[in-house]
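**Q** First residue of the sequence shown? That's 72 in the numbering used here, and the numbers climb one at a time after it.
Treat the hints as calculated values from the structure; they're not laboratory data. A quick note: this is a predicted structure, and the numbers were derived from the prediction, not measured.
Straight line, CA to CA, 35 Å or less: simulated DSBU-like cross-link-like pairs of lysine-lysine:
no.	residue 1	residue 2
1	K179	K99
2	K230	K119
3	K217	K183
4	K432	K127
5	K130	K183
6	K263	K250
7	K432	K367
8	K283	K432
9	K413	K290
10	K130	K179
11	K230	K156
12	K273	K424
13	K130	K119
14	K159	K133
15	K290	K367
16	K207	K130
17	K179	K247
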Amino acid sequence: MKYLPKILLLLFMLTTLNATNSEYYQVKEYLEKNKQEYKYNEFKRTVKENAQALEKKNKKIKVVLVYPANQISDYWRKSKISFEKRLKELNIDYELIEFFSKPAVEIKEQSKHLMKALKLNPDYLIFTLDANKHKKFIERIISKKKTKLILQNITTPIKAWGERQPFIYVGFDHYKGSKLLADYYIKQTNGKGNYAVLYGSKGYVSFMRGNKFIDYIRKNSELKVIHEYYTDVNKEKAKNATLDLLNRDSNIKFIYACTTDIAMGAIEALREKNLLGKIKVNGWGGGSSELEAIEKGELDITVMRMNDDNGVAMAEAIKFDISNQSYKVPTIYSGEFALVDKNIDKTELENLKNIAFRYTKDD
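Produce the complete structure using the sequences and hints provided.
**A** Written as structure tokens, this is what we have:
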């Protein structure tokens, strides 16, 4: 694990921040610009309600998933399950083809999966956007009239694509979740002290969750980031990064982890150094492994996605489309969060689990 000198990293971050801020629309900004607020709110209401099944069986559709699902986080797996369960409740006839890979480090593998997916000529392709290399493939897909693209785990439309956007962006606003965690840390530390950040890989998610977190903290407190590492969303690399930063300077209030796998690695390192509970660490997403760590008191805080809603949103968007009602589908669906700390009441946590995992609690 290479430690990036602080000055060089700061210059990189400032350059990336300016470039990326101008590249994407924020959720509210896009909805207002395109007058989609009403459509968006109506669609969110549909997602929350019980399924209204098609009265007549549709012509069978082909859906291809290309997911970075081989990781500790169960976000992708639960998304797939809730998506399929809702499709079945909606009485939609479909064929689902899956391609799974590791996040961050298997970009070439993902590219191969995308090429195979395009050759299958699916009606709907569900993918994500994290690395810059993904964009040229996505632009190619958007240009295909037959295949409709659902971009998952991103809720900020790309400005350069103008009016030729994907069918729908689906996920949970990374910046909104990161601000919730930032406000928590500012309150817990009285806005003073040092902290560390563990990113995934260089790309969209690390920027939205990590760089913008740092920017928000800088503008709203006196907290200073003194350690920053990229971990490729790898638990072992995150553990090693944490051990390295603790050896360099353990005078920090908290470690900000950008993903579940990173948080699990940081916890192992803190446990090894007998610093669990002394240095705070967060999760990101509130999946099963994070909530288990919360209940054990090993994880201090997480921002919990109402996970299954995004699988439901994809299914409902497809239902509207095959029912000739695609005008009811907004360009963005952004789900809700809850902030969960290790002192949460057990009953309250169970209630949140019932909402977040309404289709996948037992899976």
